[in-house]
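Starting from the given sequences, assemble the full structure and let the hints guide the process.
Protein sequences appear in the order of chains U and W. FYI, the numbering for the first sequence is 1 to 502, going by the working numbering. FYI, the numbering for the second sequence is 1 to 88, going by the working numbering.
Bear in mind the hints are in silico, worked out from the structure with no lab data behind them. Since we're looking at a predicted model, the values are computed, not measured. One thing to keep in mind: the hints can contain errors.
Some but not every residue of chain U turned toward chain W, in silico, with C-beta under 7 Å [stated by the list, open to error]:
no. : residue
1   : Ser-226
2   : Pro-228
3   : Pro-247
4   : Ser-459
List of simulated lysine-lysine pairs, BS3-like, C-alpha gap at most 25 Å [unchecked claim]:
no. : chain 1 : residue 1 : chain 2 : residue 2
5   : U       : Lys-291   : U       : Lys-268
6   : W       : Lys-11    : U       : Lys-463
7   : W       : Lys-12    : U       : Lys-261
8   : W       : Lys-85    : U       : Lys-463
Short derived list, chain W residues pointing at chain U, Cβ under 7 Å [as the list claims (entries may be wrong)]:
no. : residue
9   : Ser-22
10  : Glu-27
11  : Asp-41
12  : Ser-42
13  : Leu-43
14  : Ile-45
15  : Val-49
16  : Met-50
17  : Phe-56
18  : Phe-60
19  : Asn-61
20  : Val-65
21  : Asn-66
22  : Gly-82
23  : Leu-84
Every residue gets a Cβ at the ideal spot worked out from N, C-alpha and C, and that includes glycine.
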Amino acid sequence: MSENLFSDLLLSKNEKDLGQPAVLLENYTFTYADIVNLVRTATAYIGSKENLAGERIILCMPNGPEFIIAFFAITALGGIVVPIEPRTGQQRIRLIIEQTKPAFILHTDSLNFSFNIPAVKFSIDYDLKKIDNHDGSMGIQSENLPGLETAALILFSSGSTGTPKGAILTHRQLLKIATTLSEVIGMDAFHREYLIAPLTHSGGLQRVTSTLLSGGCLVFPSSLISIPTLIDDIEKFSINGFFSSPPMIKMLLKTDPARLKNKVFKLKSIEIASAPLTSLEISRLLELFPKANVFFQYGLTECSRALILDSRKHPDKLHTVGKPTDGVKVKIADTDGNRMPIGEQGEIQLKAEQLTGGFWDNPDEYRSKIKHGWFSTGDIGKEDEEGFISYCGRVDDLINCGGNSYFPAEVEIEVKDLPGIKDYMVAGVPDPQDILTQIPWIFIVPTNPDTWDMLSFRSYLHKSLPSHMMPRKIVIVPKIPLTDSGKPSRKMAIKLYGPKNQ
Amino acid sequence: MSSMEPTEVKKKIYQFLEDNYSYQASEITDTTDLLDGYVIDSLGIIQIVMFLETSFGCEFNANDVNADNFKNINTLSEFVEGQLKNGK
Chain U
1 MSENLFSDLL LSKNEKDLGQ PAVLLENYTF TYADIVNLVR TATAYIGSKE NLAGERIILC
61 MPNGPEFIIA FFAITALGGI VVPIEPRTGQ QRIRLIIEQT KPAFILHTDS LNFSFNIPAV
121 KFSIDYDLKK IDNHDGSMGI QSENLPGLET AALILFSSGS TGTPKGAILT HRQLLKIATT
181 LSEVIGMDAF HREYLIAPLT HSGGLQRVTS TLLSGGCLVF PSSLISIPTL IDDIEKFSIN
241 GFFSSPPMIK MLLKTDPARL KNKVFKLKSI EIASAPLTSL EISRLLELFP KANVFFQYGL
301 TECSRALILD SRKHPDKLHT VGKPTDGVKV KIADTDGNRM PIGEQGEIQL KAEQLTGGFW
361 DNPDEYRSKI KHGWFSTGDI GKEDEEGFIS YCGRVDDLIN CGGNSYFPAE VEIEVKDLPG
421 IKDYMVAGVP DPQDILTQIP WIFIVPTNPD TWDMLSFRSY LHKSLPSHMM PRKIVIVPKI
481 PLTDSGKPSR KMAIKLYGPK NQ
Chain W
1 MSSMEPTEVK KKIYQFLEDN YSYQASEITD TTDLLDGYVI DSLGIIQIVM FLETSFGCEF
61 NANDVNADNF KNINTLSEFV EGQLKNGK
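Printed below as a string of structure tokens:
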């Protein structure tokens with residue numbers, strides 16, 4: 001049998017393991033055997049459309065068993081999954097479709113967009129454990145499964161020009177990350193993973209692969225995700241671990257510790273990503289969950305879990321993002337690619353087995369990211385004498401809003417052709433509530449400030465943008481400030497018109 | 001917005017949507033679908049639960065944070081007002 005995601009994470013289980021729970025949700029349990037059976041039938045359902053080897057299929061669905069089954073079915077057929085969150089902005093979806101030219105979109109709910117490609121509804125009857133509108137016939141045979149070097153996933157991240165770039169990841173790379181996570185977190189067959197992060201991102205998706213690799217069980221929330229849901233579900237489902245972005249953690253820290261008492265003692269690990277917490281916040285988190293290890297991961301869409309900090313093991317390193325994981329090399333480099341001395345800031349550059357080998361249909365963009373053989377992250381960092389890396393900021397204008405990172409150009413692209421606007425600029429400002437890290441503001445120079453309709457503009461943006469990209473403030477300004485060299489300056493705009501001046 | 005005088009809970013919810021999502025009262029009504037209408041995202045649900053608990057001293061449990069209670073401003077405010085009446 002060839003090595004690939006379906007074989008290594010599901011088919012390889014022995015008879016005893018196949019009877020173990022793999023996916024739990026309120027009132028329903030799917031064993032590993034159920035999941036294998038559903039993936040096999042899903043390959044017949046999805047694969048009946050056409051030969052999918054090398055084809056891109058957009059997976060546009062919320063978290064749920066459907067996402068997991070569809071992901072394994074598409075990749076087992078040699079297809080490439082392109083996950084898109086249902087709330088993704090229209091322009092972003094259009095650009096992703098233009099780049100990937102998908103065979104079809106697989107979805108569970110009605111889509112809130114319409115493009116000229118087929119849409120296929122995919123749903124599961126939880127009681128009968130079968131694919132809806134399918135006769136139950138099995139699809140792919142084990143001997144036809146793809147190999148390790150086959151592309152399995154294209155994850156899109158923001159591009160500095162507003163055009164998203166799709167990092168291609170192979171079966172080998174996804175399995176490598178799963179192995180790393182499983183080992184670092186210490187997952188085993190008793191692991192119960194609570195899935196609250198979106199599976200459309202590597203943060204959530206790789207928790208699925210690592211849990212299944214370990215023979216553990218995935219648990220979906222019993223209701224809409226909230227702090228009360230998290231606390232109650234940890235107790236109800238005997239949850240051992242979860243992955244979260246910092247905003248959820250920051251809100252958890254504001255919760256009365258009495259509400260957690262006696263409910264979270266089985267929790268063994270929390271993994272946190274995307275934005276830094278303060279040392280004080282981490283210390284409070286360790287107190288709140290006295291039996292849990294708290295891991296911080298530094299990674300990119302292009303290279304997930306590059307660095308991990310075990311904060312309980314290294315209480316003196318809480319200001320860092322940890323050390324490189326197995327097989328990852330890090331260089332703190334100056335602009336010429338020279339390694340910086342210990343303690344001095346430079347760009348964080350990476351070499352890693354799990355690093356993407358390219359961007360879909362965009363080789364020039366990928367080439368521009370490779371500097372002297374190292375992948376350029378755009379993040380500034382420094383290394384200490386023990387090899388721990390500290391994150392110090394960005395070299396560019398990337399906005400991090402609630403764990404979602406994007407360039408201002410991705411919002412600006414929605415505005416550029418609107419009438420009545422002479423000039424515009426989007427910038428990230430610190431979140432005054434200290435929950436989301438940054439929030440986007442937009443500075444607008446209307447053609448005629450007296451007649452410009454801000455309400456219509458705001459309504460248009462609400463319809464066009466996902467909420468993390470929605471400017472929290474629309475500021476009318478006389479002009480967009482320029483640098484000495486004549487380039488628009490976000491820093492100057494924030495200084496002139498930002499929060500301190502409102 | 002409804003022609004009736006909005007309750008204190010409703011006023012707070014509108015305030016939350018304006019402060020956190022830049023919505024003006026004229027853009028949404030008491031019956032605008034908060035979830036299917038993509039008015040708030042998953043992070044917004046986490047935030048609004050915490051906001052309402054802090055503002056009114058009530059306490060949600062997992063079963064309360066469901067799609068029926070969070071369907072729109074009417075259903076959400078009715079739920080919170082019910083909690084307050086019951087002293088929860």
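TODO: Mind listing which of the numbered hints don't hold for this structure, in increasing order?
DONE: 7, 8, 17, 22 and 23
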